[in-house]
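There are 2 protein chains.
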Amino acid sequence: MVVRLDTLVRYTSNENNHSESDVTLYSEEENTRGLYVHWVGITAEGEEGLTEEEISYIYKNMLFYILRRDRVFFGMYMKMQLYSSYLSTPSFTIRIALTLKGLDYEHKSVNLFKKEQFSPVYSPFLQNVEFLKINPMGYVPAIIDGDIVLADSFAILLYLEEMYPRHPLIPCDLAKRIVNYQAASIVTSSMQPLLRIPVMFYIEEKAGLDEKISWVHYYLGKCFAALETLLKDHAGKYATGDEIMLADVYLAPFLIGYPQQYNFDMSKFPLLSSLGDAYIKVPAIENAMPEKQPDFPIN
Amino acid sequence: MVVRLDTLVRYTSNENNHSESDVTLYSEEENTRGLYVHWVGITAEGEEGLTEEEISYIYKNMLFYILRRDRVFFGMYMKMQLYSSYLSTPSFTIRIALTLKGLDYEHKSVNLFKKEQFSPVYSPFLQNVEFLKINPMGYVPAIIDGDIVLADSFAILLYLEEMYPRHPLIPCDLAKRIVNYQAASIVTSSMQPLLRIPVMFYIEEKAGLDEKISWVHYYLGKCFAALETLLKDHAGKYATGDEIMLADVYLAPFLIGYPQQYNFDMSKFPLLSSLGDAYIKVPAIENAMPEKQPDFPIN
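Taken in order, these protein sequences are the chains called A and B. Residue numbering for the first sequence follows full-length UniProt numbering, beginning at 1 and increasing consecutively. Residue numbering for the second sequence follows full-length UniProt numbering, beginning at 1 and increasing consecutively.
Hints may contain errors.
No copy is singled out in the list; a pair is fine if it fits within one copy or between any two copies.
Claimed, not checked - The list that follows gives simulated cross-link-like pairs (lysine-lysine, BS3-like), each with its CA atoms no further than 27 Å apart:
1. 237 / 101
2. 115 / 222
3. 115 / 237
4. 176 / 79
5. 292 / 79
6. 232 / 60
7. 212 / 222
8. 206 / 60
9. 133 / 222
10. 176 / 212
11. 232 / 268
12. 176 / 101
13. 232 / 115
14. 133 / 79
15. 222 / 206
16. 281 / 115
17. 115 / 268
18. 133 / 232
19. 114 / 222
20. 60 / 114
21. 237 / 133
22. 222 / 79
23. 133 / 176
24. 133 / 281
25. 268 / 133
26. 101 / 79
Hints are computed from structural coordinates only; laboratory data are not their basis.
Generate the whole structure from the sequences, applying the supplied hints.
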């Protein structure tokens, strides 16, 4: 991530306990971000108006400071924050993309079983905000990148692709590009939504465990069959050639471990099976795997 | 649509009954399309190797022909083809986008109740192909635009946006752009997939009619609440300003008639309600409504 001057996080200087409404985030220049300048009133006693957590964050991340009259400006580098869960396939997708693009990020675990997606989470200078203010859907993944707060994997990927051109995920070649769009869209709109944990819980509760398994097998089978057909004329080492592209970052979470977890027979899908084998050898994918994440349960 | 030289539909000249594998579609220049040149062997008897339907299609659409040795090249203008159903909200979305972009298209109705998505459909020069060859998922919408065959609404919209810049659906402004991505993504990955007809049939079959209604209300409520929050700082006359954008083409099908159809109370969503009121006054949306489509049942 390139460090550039961008956003001022402005605090009113005369209050010790500022509420969230006192914090205004605004951009000096829209398309640049990564470096924060924090403006705070300073008194004889020190950094008035900041919490201890914020002061500690500043000391850790400060690149420079400027004194001007009764204000001090702290120039800080803030990493992108990724709200993620090891249980979430689209979080897995975004972790792969961030790694491929060489973006350093802070992993913010959201424990879905503890319903943390509906609880306050700590984010510097946003105080302890409800996760619903980061993503009103209450789903992971979500990112905070400077003054950009964004959720939903497809939206995040389009944003990353535009802002961080390293390792493009959308190919220049039209035929390959639209196959990537279509494959990603099959995963995001026809597979992943129907295999979300709450949906599977609901099916099991209303119709029983066998029906849940049939449901998972039906949607995996339907989507895998379509993807196998769609990709057969485009695949190389990976889904649409010899580079990891959009289709791959969406497919990998469903091809690594997922079929085994649901005892799903992959023998009818030779292309997808070989993609799955190829993916586990890619370091960016291997490092993004659920069991490598800080929130993965040890026992 | 600009008429440009693009694709050669090549038939082998020595066979009367060519199978689908004899038909090769290829592009002369990748990013231009709209005008077809059809190459056919010609004999003393006339247009050998063409069906009557194809000959009739050529006569209707031919812009020019060129004779060269034993071949004749027919230059034809072919409209974009949209495979659509009045029952499908993403088909509605694509119809709005095509109209806004001023793209003339041929409406190919797919009757979902008659399972036509799994039956052969007529498409010039593709013979009667299984719809599954157009979209291996068996879902509408799908488009054929020259040599491009593409399905899934998000994929189609990204393609249209890149190829047909008239009435951009993705704003230049970064903040507005990502809100559009996120809103579109909420509809395509968290609302529409769970409200598909087969999913609702399944819930009704396994858990009863009341559960189906609760299911619809739950997902409409969850997504509408998130969208209301997401859009509140961005809305103008429409979802993210005073122009119809990506968010709007996705929202309109769920705000026009849909809540009434499921007896869903919109009073908690004043912004979305006002967007719904605004949409029905937009001719491109009004003309894309299910009841204006050729496949809408008369009785």
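Evaluation of the provided hints:
1. 237 / 101: within (19 Å within a copy, 37 Å between copies)
2. 115 / 222: between (31 Å within a copy, 16 Å between copies)
3. 115 / 237: Classified as neither; 39 Å inside a copy, 36 Å across copies.
4. 176 / 79: Between copies only: 23 Å across, 32 Å inside.
5. 292 / 79: Close inside one copy (20 Å), not across copies (51 Å); limit 27 Å.
6. 232 / 60: For residue 232 and residue 60, neither the intra-copy (50 Å) nor the inter-copy (35 Å) Cα distance is at most 27 Å.
7. 212 / 222: Classified as both; 15 Å inside a copy, 23 Å across copies.
8. 206 / 60: Close neither inside one copy (51 Å) nor across copies (55 Å); limit 27 Å.
9. 133 / 222: between (35 Å within a copy, 14 Å between copies)
10. 176 / 212: Close neither inside one copy (35 Å) nor across copies (39 Å); limit 27 Å.
11. 232 / 268: For residue 232 and residue 268, only the intra-copy Cα distance (13 Å) is at most 27 Å; the inter-copy one is 47 Å.
12. 176 / 101: both (20 Å within a copy, 24 Å between copies)
13. 232 / 115: Intra 40 Å, inter 26 Å, cutoff 27 Å: inter-copy only.
14. 133 / 79: within (19 Å within a copy, 45 Å between copies)
15. 222 / 206: Both: 23 Å inside a copy, 20 Å across copies.
16. 281 / 115: Answer is neither: 33 Å inside a copy and 42 Å across each miss the 27 Å cutoff.
17. 115 / 268: For residue 115 and residue 268, the Cα distance is within 27 Å only across copies (24 Å; inside one copy 37 Å).
18. 133 / 232: between (42 Å within a copy, 13 Å between copies)
19. 114 / 222: The answer is between: 19 Å across copies meets 27 Å, while 32 Å in one copy does not.
20. 60 / 114: neither (30 Å within a copy, 64 Å between copies)
21. 237 / 133: between (41 Å within a copy, 24 Å between copies)
22. 222 / 79: neither (39 Å within a copy, 31 Å between copies)
23. 133 / 176: between (36 Å within a copy, 17 Å between copies)
24. 133 / 281: Neither way: residue 133 and residue 281 sit 37 Å apart in one copy and 32 Å across, limit 27 Å.
25. 268 / 133: between (43 Å within a copy, 18 Å between copies)
26. 101 / 79: Result: close within a single copy only, 14 Å intra versus 39 Å inter.
Checked against the numbered hints above, the structure violates hints 3, 6, 8, 10, 16, 20, 22 and 24; every other hint is satisfied.
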